[in-house]
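**Student:** Heads up: the sequence lines are chains L, G, Z and R, in that order. Quick note: the first sequence, position 64, residue 664 per my numbering, numbers continuous. Quick note: the second sequence, position 77, residue 677 per my numbering, numbers continuous. Quick note: the third sequence, position 26, residue 626 per my numbering, numbers continuous. Quick note: the fourth sequence, position 139, residue 739 per my numbering, numbers continuous.
One or more hints might be untrue.
Identical chains blur together in the list; that is why a pair holds if it fits in one copy or across any two.
[Unchecked claim] Within a straight-line C-alpha distance of at most 27 Å, the following computed DSSO-like cross-link-like pairs (lysine-lysine) qualify:
no. : residue 1 : residue 2
1   : K635      : K796
2   : K632      : K616
3   : K766      : K654
4   : K824      : K796
5   : K675      : K766
What the hints contain is simulated information worked out from the structure, not anything from laboratory work.
In case you want the letters, here they are:
4 protein chains.
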Amino acid sequence: MQDVQSSFDPRNVALKKVGVKNVRYPITVLDKINKVQHTTGLIDLFANLPHHFKGTHMSRFIEVFHQHHRSLSMKQFLSMLDEVRTVLDAEEAYGNVRFPYYIAKTAPASGQESYLEYQCGFSGHVSPLRRRFYVAVEVPVMTLCPCSREISERGAHNQRGHVRVKVLMGQDFFWLEDLVILIESCASSGLYTLLKREDEKFVTEYSYDHPVFVEDLVRDVTVKLEDWGIFPWFEVQAENMESIHNHEAYAAVERGVDQ
Amino acid sequence: MQDVQSSFDPRNVALKKVGVKNVRYPITVLDKINKVQHTTGLIDLFANLPHHFKGTHMSRFIEVFHQHHRSLSMKQFLSMLDEVRTVLDAEEAYGNVRFPYYIAKTAPASGQESYLEYQCGFSGHVSPLRRRFYVAVEVPVMTLCPCSREISERGAHNQRGHVRVKVLMGQDFFWLEDLVILIESCASSGLYTLLKREDEKFVTEYSYDHPVFVEDLVRDVTVKLEDWGIFPWFEVQAENMESIHNHEAYAAVERGVDQ
Amino acid sequence: MQDVQSSFDPRNVALKKVGVKNVRYPITVLDKINKVQHTTGLIDLFANLPHHFKGTHMSRFIEVFHQHHRSLSMKQFLSMLDEVRTVLDAEEAYGNVRFPYYIAKTAPASGQESYLEYQCGFSGHVSPLRRRFYVAVEVPVMTLCPCSREISERGAHNQRGHVRVKVLMGQDFFWLEDLVILIESCASSGLYTLLKREDEKFVTEYSYDHPVFVEDLVRDVTVKLEDWGIFPWFEVQAENMESIHNHEAYAAVERGVDQ
Amino acid sequence: MQDVQSSFDPRNVALKKVGVKNVRYPITVLDKINKVQHTTGLIDLFANLPHHFKGTHMSRFIEVFHQHHRSLSMKQFLSMLDEVRTVLDAEEAYGNVRFPYYIAKTAPASGQESYLEYQCGFSGHVSPLRRRFYVAVEVPVMTLCPCSREISERGAHNQRGHVRVKVLMGQDFFWLEDLVILIESCASSGLYTLLKREDEKFVTEYSYDHPVFVEDLVRDVTVKLEDWGIFPWFEVQAENMESIHNHEAYAAVERGVDQ
Chain L
601 MQDVQSSFDP RNVALKKVGV KNVRYPITVL DKINKVQHTT GLIDLFANLP HHFKGTHMSR
661 FIEVFHQHHR SLSMKQFLSM LDEVRTVLDA EEAYGNVRFP YYIAKTAPAS GQESYLEYQC
721 GFSGHVSPLR RRFYVAVEVP VMTLCPCSRE ISERGAHNQR GHVRVKVLMG QDFFWLEDLV
781 ILIESCASSG LYTLLKREDE KFVTEYSYDH PVFVEDLVRD VTVKLEDWGI FPWFEVQAEN
841 MESIHNHEAY AAVERGVDQ
Chain G
601 MQDVQSSFDP RNVALKKVGV KNVRYPITVL DKINKVQHTT GLIDLFANLP HHFKGTHMSR
661 FIEVFHQHHR SLSMKQFLSM LDEVRTVLDA EEAYGNVRFP YYIAKTAPAS GQESYLEYQC
721 GFSGHVSPLR RRFYVAVEVP VMTLCPCSRE ISERGAHNQR GHVRVKVLMG QDFFWLEDLV
781 ILIESCASSG LYTLLKREDE KFVTEYSYDH PVFVEDLVRD VTVKLEDWGI FPWFEVQAEN
841 MESIHNHEAY AAVERGVDQ
Chain Z
601 MQDVQSSFDP RNVALKKVGV KNVRYPITVL DKINKVQHTT GLIDLFANLP HHFKGTHMSR
661 FIEVFHQHHR SLSMKQFLSM LDEVRTVLDA EEAYGNVRFP YYIAKTAPAS GQESYLEYQC
721 GFSGHVSPLR RRFYVAVEVP VMTLCPCSRE ISERGAHNQR GHVRVKVLMG QDFFWLEDLV
781 ILIESCASSG LYTLLKREDE KFVTEYSYDH PVFVEDLVRD VTVKLEDWGI FPWFEVQAEN
841 MESIHNHEAY AAVERGVDQ
Chain R
601 MQDVQSSFDP RNVALKKVGV KNVRYPITVL DKINKVQHTT GLIDLFANLP HHFKGTHMSR
661 FIEVFHQHHR SLSMKQFLSM LDEVRTVLDA EEAYGNVRFP YYIAKTAPAS GQESYLEYQC
721 GFSGHVSPLR RRFYVAVEVP VMTLCPCSRE ISERGAHNQR GHVRVKVLMG QDFFWLEDLV
781 ILIESCASSG LYTLLKREDE KFVTEYSYDH PVFVEDLVRD VTVKLEDWGI FPWFEVQAEN
841 MESIHNHEAY AAVERGVDQ
C-alpha cells in the first residue's frame with residue numbers, strides 16, 4: 601500500500617507542528633495522598649515536519665500515548681515526547697495534557713469533607729537543544745473587592761474567580777496539592793463543595809477580612825512562588841467573574857527566564 | 601439527477617423532527633428604542649417526516665430562512681414556519697433562533713451609559729392543531745445571600761447569577777426590554793458594563809439591602825409575571841454562580857397551561 | 601444560628617425544582633470488562649420545595665452525593681434520590697450525572713487496540729407516584745451521504761456525526777457497551793482513536809458501501825431498539841457535522857410511553 | 601470617596617497586563633461589499649501596571665471602548681489603544697476583539713446565494729517601542745484525505761476542517777474577504793450554507809479531485825500568503841474534525857519576523 605505521507609514535498613515549507621489534537625483518553629496521574637488518581641485527559645501531541653516530507657504518520661502519536669496513559673507522571677512525560685521524536689523521526693516533539701484533578705477538602709468550621717475539582721495540565725517540548733516541562737493549574741477562589749468594601753457603608757461585592765498558574769519545572773519535584781494550597785492562601789477564601797451553615801458564616805467573615813483585587817491576587821501568588829524558589833519561570837493569571845458586571849476583571853504577571 | 605430523499609422507505613418509522621441545526625446567520629430583530637437591531641443568530645429548523653419518505657430536503661430550510669433573516673419579528677416567525685411546512689410538504693414545523701440582544705443601560709449614580717448583552721431566543725411550533733410562539737431571555741444579575749447576611753457579623757456572599765425566563769406568547773405583543781426590566785427588578789441588583797466608583801458604592805449597598813436566594817428570585821419573577829397576566833404559560837429558572845462554591849445553586853418554577 | 605431557609609414564605613409559589621447544578625466530582629461506574637471504571641462526573645441534584653418554605657438546604661444534596669460517588673450504578677441511583685427526598689423532606693427528587701466513559705476498541709484490519717470516549721449520562725426522578733431511571737449515551741460515528749454517492753461520479757461526502765440515545769430503563773439490566781455496539785452498527789462506520797493504513801482503507805471502503813442519512817441512522821437504531829424490546833420509552837437523535845456545510849443535519853425519533 | 605486603586609503598593613511586582621476580559625458589546629466593522637457590517641463582539645482590553653500602584657481603574661477601559669464600538673476599523677484600533685494608554689497613564693496597552701463576520705456566497709452550480717459565518721479577530725499592542733496590529737480569521741472548509749483516496753478502491757474520507765490564519769499588518773490595507781478567498785482556494789472545497797443537488801454533486805466531485813492533508817493546507821496557504829507579500833509575519837493553523845476519528849488532525853506554520 602502506498603505511503604503517501606512519506607513522498608517528497610516540493611513546496612519548501614517546513615511545518616512547526618503537526619499531529620493530533622483533542623484526543624480524549626483515560627489517564628492516571630500521581631496523587632499526594634492516594635498515590636495515584638484516575639481521571640480523564642484531553643491530549644495534544646505534535647512533532648515538527650521537515651519541508652521535504654509530504655505528511656506525518658498520525659497513528660504513531662496515538663500508539664506512543666497509549667503506552668503511557670496509565671503512568672503520566674511529570675518525570676515520564678518528557679520520555680514519552682522522546683519516543684514521539686523517535687517513532688516520527690522528528691527533531692522536535694510537543695505534548696499537552698489537560699485533566700480535572702480532585703482534592704479532598706475539609707470545611708473550615710464543621711470539618712466536613714468533600715472533593716473540589718481543579719483543572720490541571722502538563723505540557724512539554726523536547727528538541728536537540730531544549731527540554732521543557734510545564735505544569736499548569738486553575739484554582740477557583742473567592743475574591744472580595746477592597747474598593748467596594750472601603751467605599752460602602754455595608755457589604756462588599758465578591759465573586760468566584762479563577763487563578764491560573766503555569767510553572768516551568770526545574771530540578772525539584774513538587775505536588776499539585778502544594779501549589780493549590782499556595783494559591784488558595786492568597787485569595788479572599790478558598791472554595792468548598794460542601795459548606796454547612798457555620799462554615800458559610802466563617803467564609804463570609806473571613807473573606808470580608810481579606811479583600812483582594814485581581815491585582816493583589818497575582819502579586820501575592822508571585823511573591824510566594826518566588827519565596828518557594830524552585831521554578832525558573834512562571835506565569836500567574838487571575839480572572840474574576842465580577843458579581844456587578846457581566847464580564848471578567850483580569851490581571852497577569854510573568855517572571856523568570858524560559859529560553 | 602436522482603432524488604434519493606423522495607424514494608420510499610420501508611422501515612415504518614416516522615420521524616418527529618428532521619432538519620438543520622446550528623446554522624449561523626445574520627439576523628435583524630425589533631428594538632424598542634432603535635426600531636431594529638442587527639445581531640447574530642444561531643438557528644435550528646425542523647419538520648416532521650412521514651414514515652414513507654426516505655429523507656427530507658435540507659436545503660429548503662435554508663432557502664426559507666434566507667428570505668426572512670432580515671425581519672425576524674415575533675409575528676413573522678410563525679409565518680416562516682408555515683412556509684417550512686409548505687415547501688417540505690410536512691404537517692409540523694419547528695424553529696428556534698438564539699441571539700445576543702443589547703440594551704443601553706444607565707449607571708445608577710453617575711448616569712453613564714453602556715450596553716449590556718442579553719441572550720435571547722424565539723422558538724415556535726406549528727401543526728394543523730397547534731400554533732405556539734415562545735420568547736426566552738437570559739438576564740445576568742447580582743444576588744446576595746440572605747442566609748449569609750443573617751448569620752455573619754460583617755459582609756454577605758454575593759455573585760453573578762442568571763435568570764432564564766421562557767414565555768408562551770398569548771394575544772398581546774410585548775417588548776424584550778420590558779421583560780428584562782421586570783426580571784432585573786427581582787434581583788439583588790441588575791448588572792452594568794460600566795460603573796464608576798459612586799455606582800459601585802450604590803450597587804454594593806443596594807444589593808446588601810435586597811438579599812435574595814435563587815428561590816426568592818424565581819418566586820418574585822413568577823408573581824410579577826402573573827400580575828402582568830399576558831402569558832398563558834411560562835417557566836422561570838435562576839442559577840447562581842455561587843462565590844463560595846464551584847457549582848451553581850438552582851431553582852425553577854413552571855406556571856400555566858401549554859397544551 | 602438562624603435557619604433562614606426554614607422560615608415561612610408568604611408568596612404561595614411552590615418550586616418545581618431547587619438544588620445544586622454543575623457539581624464536578626470523581627465517580628465510579630460499572631464496566632462490563634473491568635468491573636468498575638473511575639471517571640469524572642458533572643452532577644445536578646434537585647428536589648421540589650413546597651410553597652410555605654423560604655428555601656432549601658443546599659449542602660444536604662452534596663452530603664448525600666458524597667456518600668454515593670464511588671458506586672454510581674443504575675440500581676443505586678434511585679436509592680440515592682430516595683435519600684435526597686428524606687433528608688430534604690421533599691416529595692420529589694431529580695438527579696442527573698453526565699460522564700465520559702471509555703471503551704477499548706479493536707481496529708478492524710490491524711487489530712490494534714485503543715480507547716474511545718463516549719459521553720454518557722444517568723438521570724432519574726422519584727416521587728410518591730413515579731420512579732424513573734434513564735440512561736443516555738452519545739456515540740460519535742462516521743456517516744456517508746447516500747445522495748452525494750448516488751449523484752456523483754466519484755467520491756461521496758462523509759463526516760463525523762453523533763448519535764444520542766436516551767432510554768427509560770424497564771425491568772432488565774443492560775450494559776452501556778451493548779447499547780454502544782447497537783448504535784455503531786447502524787452508522788456508515790464506527791470511529792477509532794487508532795487506525796493504521798490498512799484500517800483506514802477498510803473504513804473508507806466500508807463506509808462507502810454503507811451510506812446513511814441522519815434519517816436512516818435514527819430509523820435503524822429505532823428498529824434495533826424495538827427488537828431488543830427492553831425499553832418502555834426511548835429517544836434517538838442523530839446529528840451530522842456536515843463536511844459540505846458549516847451546520848449540522850439533524851433527525852429525531854421518540855418511541856414508547858413515559859407517563 | 602477613597603481611591604484605593606491609586607494607593608501605593610509595596611510588593612514590588614509590576615503587572616504585565618491588567619484590565620477587562622470577555623466584554624460583550626455590539627460592534628460595527630468595515631465590509632467590502634456593504635461598507636459596514638453590524639455584528640457582536642467579545643472584547644479584552646489590558647494595560648500594564650507599574651509596581652507602585654495598587655490597582656487599575658477598570659471602568660476607564662469600558663469608557664474608551666464605548667466611544668469606538670461603532671467604528672472598529674483596522675486603522676482606528678491602535679488609536680483606541682493609544683487612548684487606553686492615556687486614560688490609564690500606562691506605557692503599554694493590549695486589545696483583542698473577536699466577532700462573527702458574514703460573507704454572501706454563491707453556490708458553485710446553482711448560483712444560489714447564502715451567508716457563511718467566519719470567526720474573525722482584531723488584536724493590537726502599543727508601547728513606546730512597538731505598534732502591532734493583527735488580523736485573525738477562521739475559515740471552515742472541506743478536506744478530503746489524499747492517503748485514504750490513494751489506498752482505497754472507492755471513496756475517500758473527508759470532513760469539515762478549520763483553517764486559522766493570523767497576520768501582522770504591514771503598510772497595506774486589505775479586506776477580510778480577500779484573505780478568506782485565498783484560504784478557501786487551498787482546501788478540497790469551501791463550505792456553503794445553501795447547496796442544491798447539482799451543487800452537492802459539484803462539491804463532492806471537486807473535493808475528490810482536490811485532496812489535501814492538513815499539512816498541504818497550511819503549506820498552500822503559506823505559499824499564497826508569501827506571494828501576496830504584504831504581511832511581515834503570519835501564522836497558519838489547520839485542524840480537521842476527522843470523519844474516521846473522534847479527534848482532530850492538526851498542522852501549523854509560522855513565517856516572518858514579529859519583534
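**Student:** A separate judgement is required for each hint: does it hold in the structure or not?
**Tutor:** Structure-based check of all given hints:
no.	hint	verdict
1	K635 to K796	neither (30 Å within a copy, 35 Å between copies)
2	K632 to K616	neither (36 Å within a copy, 33 Å between copies)
3	K766 to K654	between (35 Å within a copy, 23 Å between copies)
4	K824 to K796	neither (31 Å within a copy, 33 Å between copies)
5	K675 to K766	within (17 Å within a copy, 35 Å between copies)
The earlier numbered hints that this structure contradicts are 1, 2 and 4.
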